[in-house]
Amino acid sequence: MKEIEIIKFTAKQLFFSRRTVVLIALSFFPIIIIGAWMYRPDDSPSELFSGVFIAIFLQFILLIISLLYGTSLINSEIANKTISYLSTRSLRREELFMYRYTGSIPVGFLIVAAPIAVCLALLDIHTGSLDMLKHLADYYVIIFFGFVVYNAFFAFLGVAMKRPLMVGLLFAFFWEILLANLPGKIPYMTLMFYLRSMSHYMADTPWPHQMEPFSTAMSALVILSATAIFLLLGTLIFRNKNLI
Amino acid sequence: MSIISADGLSRWYGEVIGLNQFTVDIGEGITGIVGPNGAGKTTFIRIITGMIRQSKGSVEVLGEKPWNNPSLNAKVGYCPEHEMLYPWMNAKEFLIAMAKMHGYSRSESEKRAYESLETVGFSRKDAERKIGGYSKGMRQKVKIAQSILHEPELLILDESLAGTDPIGRKTIIELIRKMAKNGIHSLVSSHVLYEVEKLTEQVVLVNDGRTVAAGDIHEIRKLIDKHPHTVNITVNNARKLGMELMKKESIVSVSIIDENHLSVKTHEPEVFYKTLPEIIVKKKYEVSEIFSPDDNLQAIFRYLVKK
Amino acid sequence: MGIDFQKYRSWDGTHSSMIKRVAVLVKKEAFLALKSKWVIALIVLTYFLGVVTRMMSIVFMPVKFESSFFQGFFDDSQLWFILMAAVVGSGLIANDLRNKSIVLYFSCLPKSAYAAGKFGVVAGLLSIVVLMPGVLLFFMALLSSSESLANILDHIWILGAIVATGLFITALMSSVSLAISSITSDKRYAGAGIFMIFLLSDIVAGVMKDILKNDRLAMISIWNNIRMVGNQLFRMKLPYDFPWYESLLVLAAVIICSAGIIYWKIFKKEVRV
Numbered sequence: 269m270k271e272i273e274i275i276k277f278t279a280k281q282l283f284f285s286r287r288t289v290v291l292i293a294l295s296f297f298p299i300i301i302i303g304a305w306m307y308r309p310d311d312s313p314s315e316l317f318s319g320v321f322i323a324i325f326l327q328f329i330l331l332i333i334s335l336l337y338g339t340s341l342i343n344s345e346i347a348n349k350t351i352s353y354l355s356t357r358s359l360r361r362e363e364l365f366m367y368r369y370t371g372s373i374p375v376g377f378l379i380v381a382a383p384i385a386v387c388l389a390l391l392d393i394h395t396g397s398l399d400m401l402k403h404l405a406d407y408y409v410i411i412f413f414g415f416v417v418y419n420a421f422f423a424f425l426g427v428a429m430k431r432p433l434m435v436g437l438l439f440a441f442f443w444e445i446l447l448a449n450l451p452g453k454i455p456y457m458t459l460m461f462y463l464r465s466m467s468h469y470m471a472d473t474p475w476p477h478q479m480e481p482f483s484t485a486m487s488a489l490v491i492l493s494a495t496a497i498f499l500l501l502g503t504l505i506f507r508n509k510n511l512i
Numbered sequence: 002m003s004i005i006s007a008d009g010l011s012r013w014y015g016e017v018i019g020l021n022q023f024t025v026d027i028g029e030g031i032t033g034i035v036g037p038n039g040a041g042k043t044t045f046i047r048i049i050t051g052m053i054r055q056s057k058g059s060v061e062v063l064g065e066k067p068w069n070n071p072s073l074n075a076k077v078g079y080c081p082e083h084e085m086l087y088p089w090m091n092a093k094e095f096l097i098a099m100a101k102m103h104g105y106s107r108s109e110s111e112k113r114a115y116e117s118l119e120t121v122g123f124s125r126k127d128a129e130r131k132i133g134g135y136s137k138g139m140r141q142k143v144k145i146a147q148s149i150l151h152e153p154e155l156l157i158l159d160e161s162l163a164g165t166d167p168i169g170r171k172t173i174i175e176l177i178r179k180m181a182k183n184g185i186h187s188l189v190s191s192h193v194l195y196e197v198e199k200l201t202e203q204v205v206l207v208n209d210g211r212t213v214a215a216g217d218i219h220e221i222r223k224l225i226d227k228h229p230h231t232v233n234i235t236v237n238n239a240r241k242l243g244m245e246l247m248k249k250e251s252i253v254s255v256s257i258i259d260e261n262h263l264s265v266k267t268h269e270p271e272v273f274y275k276t277l278p279e280i281i282v283k284k285k286y287e288v289s290e291i292f293s294p295d296d297n298l299q300a301i302f303r304y305l306v307k308k
Numbered sequence: 020m021g022i023d024f025q026k027y028r029s030w031d032g033t034h035s036s037m038i039k040r041v042a043v044l045v046k047k048e049a050f051l052a053l054k055s056k057w058v059i060a061l062i063v064l065t066y067f068l069g070v071v072t073r074m075m076s077i078v079f080m081p082v083k084f085e086s087s088f089f090q091g092f093f094d095d096s097q098l099w100f101i102l103m104a105a106v107v108g109s110g111l112i113a114n115d116l117r118n119k120s121i122v123l124y125f126s127c128l129p130k131s132a133y134a135a136g137k138f139g140v141v142a143g144l145l146s147i148v149v150l151m152p153g154v155l156l157f158f159m160a161l162l163s164s165s166e167s168l169a170n171i172l173d174h175i176w177i178l179g180a181i182v183a184t185g186l187f188i189t190a191l192m193s194s195v196s197l198a199i200s201s202i203t204s205d206k207r208y209a210g211a212g213i214f215m216i217f218l219l220s221d222i223v224a225g226v227m228k229d230i231l232k233n234d235r236l237a238m239i240s241i242w243n244n245i246r247m248v249g250n251q252l253f254r255m256k257l258p259y260d261f262p263w264y265e266s267l268l269v270l271a272a273v274i275i276c277s278a279g280i281i282y283w284k285i286f287k288k289e290v291r292v
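Chains as they are written, first to last, in the working numbering: chain A, 269 to 512; chain S, 2 to 308; chain Z, 20 to 292.
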């Protein structure tokens with residue numbers, strides 16, 4: 269009962285915040301791009317959406333939402349001093365951390381899920397088929413895995429650092445995007461590599477690297493392992509953290 | 002029986018010492034913890050509520066260690082000093098959520114939420130409004146309500162009387178007394194000794210991270226009363242006024258600082274403050290300033306610490 | 020006569036000028052920002068990556084004393100400029116709103132002086148990474164150049180281009196970061212917002228340009244416009260196929276919008292604390 273309540277409370281808290289309005293507006297921006305394409309459809313719909321999905325949904329919107337939500341799960345509560353209400357409930361700290369993390373995933377996912385569906389629907393309306401919408405579930409799975417791993421990382425960052433946002437921005441846009449596009453073995457060290465591998469096999473998005481992508485199963489395993497590591501680290505740190 | 006027991010508790014924040022070998026045994030009933038700002042009251046409360054860890058020493062609350070202890074959290078209600086809440090919720094939603102986080106069902110949580118709101122004198126109509134629009138007093142009531150939701154064994158109130166109006170203060174004091182009658186122990190922190198006096202006879206005086214005195218408030222009062230009260234006066238003819246004051250029994254000593262300033266020590270400040278205006282008016286002195294450097298807890302503590 | 024009631028006595032002295040009072044604000048905030056390890060790190064990184072690496076290339080691989088060498092500094096350091104604007108500018112007004120200290124400023128300063136002071140802080144600190152390294156690079160290149168004095172004097176206008184570009188970027192980024200800072204009381208979201216505005220405009224411009232095959236869509240990106248104006252000042256070939264003054268107008272509109280947001284949030288509306 270209390271577990272569900274923490275998850276629901278966290279989800280509501282994140283959803284009913286002002287930044288969510290901005291994030292929803294941001295998430296619907298790709299629809300303008302789809303609209304622009306419909307005016308001058310040079311590329312095929314799948315090529316277009318692949319580009320939009322990778323460049324905007326995966327490498328920008330997902331990262332920004334995860335960053336803002338993940339880092340604020342515990343860090344905001346401490347900064348706003350409301351952590352005293354949560355930490356004095358009948359919950360272990362480890363549970364509090366995990367349930368807060370769990371509550372953050374559906375909110376981010378819902379914000380991105382709607383515009384993805386709208387984009388695919390618009391493309392299908394334009395072409396008069398259901399070629400794009402049949403891949404909706406694939407895109408959702410990739411986005412879901414993205415939120416699972418990045419929320420975990422940023423939640424860990426949020427308890428490990430007092431000011432996690434700048435480090436988070438550097439990680440998101442320097443490590444995950446710039447470094448992920450470098451030649452050689454460096455991309456293996458980024459989470460985006462595995463998400464893109466999944467995306468390549470599941471949704472047939474373009475593959476930019478020289479080395480072969482990992483299989484969907486392998487990518488999922490790496491992502492879930494990374495998630496487990498970040499959550500374990502976050503839990504350990506929060507368990508011993510002074511809440512002021 | 003010891004409700005809270007601290008032995009050699011120390012806590013430092015970098016180079017700043019919050020608590021310094023703090024040792025205290027807090028018994029049943031209502032106990033006041035009194036000290037000036039920065040004395041260490043909130044640090045102590047944060048340690049006993051498990052929000053921070055001590056740097057040294059040991060502490061037990063209801064016989065258990067407070068750090069990361071959910072079973073203890075179920076027995077302790079905490080009302081923090083700050084007034085931060087969740088502005089996007091209303092009081093009813095907030096209390097229901099807090100109750101559910103303690104493990105109560107939806108219906109039970111609602112029942113407890115309404116009962117708590119009624120106990121603190123919060124109207125149902127106001128409970129439907131967003132917390133963001135609440136006044137300071139309303140926020141205080143909501144904070145207290147969330148601390149009593151789960152019928153704790155021990156209630157910890159950190160500066161709950163600060164900033165409240167007289168009616169609000171009266172409500173809180175009555176609530177704490179009522180809870181004490183029902184067997185709920187309370188630890189009330191304040192920097193105003195006289196406020197705590199209305200609640201309890203058991204006090205712990207804290208200063209500079211240490212316990213200065215602990216026990217019956219009347220005994221502590223006697224100690225304070227033995228300490229002469231200083232009053233500094235700026236007047237057109239200090240010498241003449243000084244001579245007049247020396248004739249009064251309540252005066253311990255008079256020091257003439259210069260021709261316009263004198264310092265008076267008295268055992269009975271109330272009598273002195275009644276006599277002084279009479280002398281001034283009768284003898285037509287021109288007084289431009291009266292102030293007491295002792296009129297604060299710091300001075301009392303300085304005195305007690307010296308003892 | 021009994022107790023002499025003390026009436027209010029206003030201070031008879033001379034108040035210092037508004038400029039001096041604003042200077043107090045600027046100095047205090049600037050020194051506070053310079054205590055941050057992030058700010059120091061960004062300054063060091065910008066100088067190291069922007070100036071030192073370029074100077075090493077001059078020492079080991081003699082380069083011609085020409086404008087593209089210096090314009091490249093601004094292009095390559097874009098990320099550090101944005102980070103600096105986000106780190107320094109995000110909390111300037113947001114923190115005052117959060118801590119409810121903005122009313123303290125308004126009790127002794129008019130709102131215009133407050134806004135000017137805050138602008139001075141972010142512009143001053145940004146110029147350390149935007150303007151000064153460019154100027155430093157110019158003089159270091161000048162001193163170590165093996166080219167003839169006549170040739171160098173022919174290129175002295177480059178210094179003007181560096182200063183103008185530096186000032187322009189500083190003014191633009193300062194106004195954008197202050198505007199974002201005034202919208203929210205949370206410095207973290209202001210910082211993310213500043214970062215996102217520059218980044219998002221870049222991404223959207225790139226994608227739209229690719230889809231609609233129209234160079235003009237590059238104007239959506241703030242940095243593309245800065246590049247256009249910068250290239251014009253450095254007398255280099257323009258990267259996109261539209262007049263540079265259109266980019267200048269876009270950037271001017273961004274500055275005006277930012278000023279408008281600050282005016283609306285600070286001057287016009289009640290400051291809710």
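Just so you know, these hints were derived from the structure itself, not from any lab.
These figures come from a predicted structure and were not determined experimentally.
Hints should not be assumed to be uniformly reliable.
Unchecked claim - Straight-line distance between alpha carbons at most 30 Å, and here's what the computed DSS-like set of lysine-lysine pairs gives:
no.	chain 1	residue 1	chain 2	residue 2
1	Z	Lys119	S	Lys137
2	Z	Lys54	S	Lys275
3	A	Lys349	S	Lys112
4	S	Lys126	S	Lys93
5	A	Lys276	A	Lys430
6	S	Lys112	A	Lys270
7	S	Lys249	S	Lys283
8	S	Lys266	Z	Lys26
9	S	Lys179	A	Lys276
10	Z	Lys54	Z	Lys284
11	S	Lys93	A	Lys349
12	S	Lys182	A	Lys280
13	A	Lys276	S	Lys93
14	Z	Lys54	A	Lys509
15	A	Lys402	Z	Lys232
16	S	Lys131	S	Lys171
17	S	Lys57	S	Lys112
18	A	Lys402	Z	Lys228
19	S	Lys199	S	Lys283
20	S	Lys126	S	Lys66
21	A	Lys349	S	Lys76
22	Z	Lys232	A	Lys349
23	A	Lys270	S	Lys248
24	S	Lys171	S	Lys66
25	Z	Lys119	A	Lys509
26	S	Lys93	S	Lys179
Results of checking the hints against the structure:
Distance check on the hinted pair: Z:Lys119 and S:Lys137 sit about 15 Å apart at the alpha-carbon level, within 30 Å; holds. Using a Cα cut-off of 30 Å, the hinted pair Z:Lys54 and S:Lys275 is violated, with the two alpha carbons roughly 55 Å apart. Simply put, A:Lys349 and S:Lys112 have alpha-carbon atoms about 27 Å apart, close enough for the 30 Å limit, and the pair holds. Restraint check for S:Lys126 and S:Lys93: the C-alpha separation of about 10 Å stays at or below 30 Å, so the hint holds.
With a CA separation close to 25 Å, the supplied pair A:Lys276 and A:Lys430 stays within the 30 Å bound. Restraint check for S:Lys112 and A:Lys270: satisfied, since their Cα atoms lie roughly 17 Å apart, inside the 30 Å limit. Restraint check: the Cα-Cα separation between S:Lys249 and S:Lys283 comes to about 15 Å, which is no more than 30 Å; the hinted pair holds. Our distance criterion of 30 Å between C-alpha atoms is met by S:Lys266 and Z:Lys26, whose separation comes to about 29 Å.
This hinted pair does not check out: S:Lys179 and A:Lys276 have alpha carbons roughly 35 Å apart, beyond 30 Å. Between Z:Lys54 and Z:Lys284 the CA atoms are separated by roughly 28 Å; this keeps the pair inside 30 Å, and the hint holds. Pair hint S:Lys93 plus A:Lys349 holds up; C-alpha atoms about 20 Å apart against a cutoff of 30 Å. A threshold of 30 Å between alpha carbons decides the hint, and for S:Lys182 with A:Lys280 the separation of about 39 Å lies outside it, so the pair is violated.
Pair hint A:Lys276 plus S:Lys93 holds up; C-alpha atoms about 16 Å apart against a cutoff of 30 Å. A threshold of 30 Å between alpha carbons decides the hint, and for Z:Lys54 with A:Lys509 the separation of about 25 Å falls inside it, so the pair holds. Restraint check: the Cα-Cα separation between A:Lys402 and Z:Lys232 comes to about 29 Å, which is no more than 30 Å; the hinted pair holds. Restraint check: the Cα-Cα separation between S:Lys131 and S:Lys171 comes to about 25 Å, which is no more than 30 Å; the hinted pair holds.
The hinted pair formed by S:Lys57 and S:Lys112 fails the criterion: a straight-line CA distance of about 42 Å is larger than 30 Å. Annotation: proposed proximity of A:Lys402 to Z:Lys228 holds, straight-line Cα distance about 28 Å (limit 30 Å). Among the hinted pairs, S:Lys199 with S:Lys283 is inconsistent with the structure: their alpha-carbon atoms are about 37 Å apart, more than 30 Å. Proximity of S:Lys126 to S:Lys66 is assessed by CA-CA distance (about 40 Å); at most 30 Å being required, the pair is judged violated.
For a cut-off of 30 Å, the pair hint linking A:Lys349 to S:Lys76 stands: about 22 Å separates their Cα positions. Among the hinted pairs, Z:Lys232 with A:Lys349 is inconsistent with the structure: their alpha-carbon atoms are about 51 Å apart, more than 30 Å. Taken as a hint, the A:Lys270 and S:Lys248 pair is broken in the structure, with Cα atoms around 71 Å apart against an allowance of 30 Å. For a cut-off of 30 Å, the pair hint linking S:Lys171 to S:Lys66 is broken: about 33 Å separates their Cα positions.
A threshold of 30 Å between alpha carbons decides the hint, and for Z:Lys119 with A:Lys509 the separation of about 28 Å falls inside it, so the pair holds. Between S:Lys93 and S:Lys179 the alpha-carbon distance is near 23 Å, which keeps this suggested pair within the 30 Å criterion.
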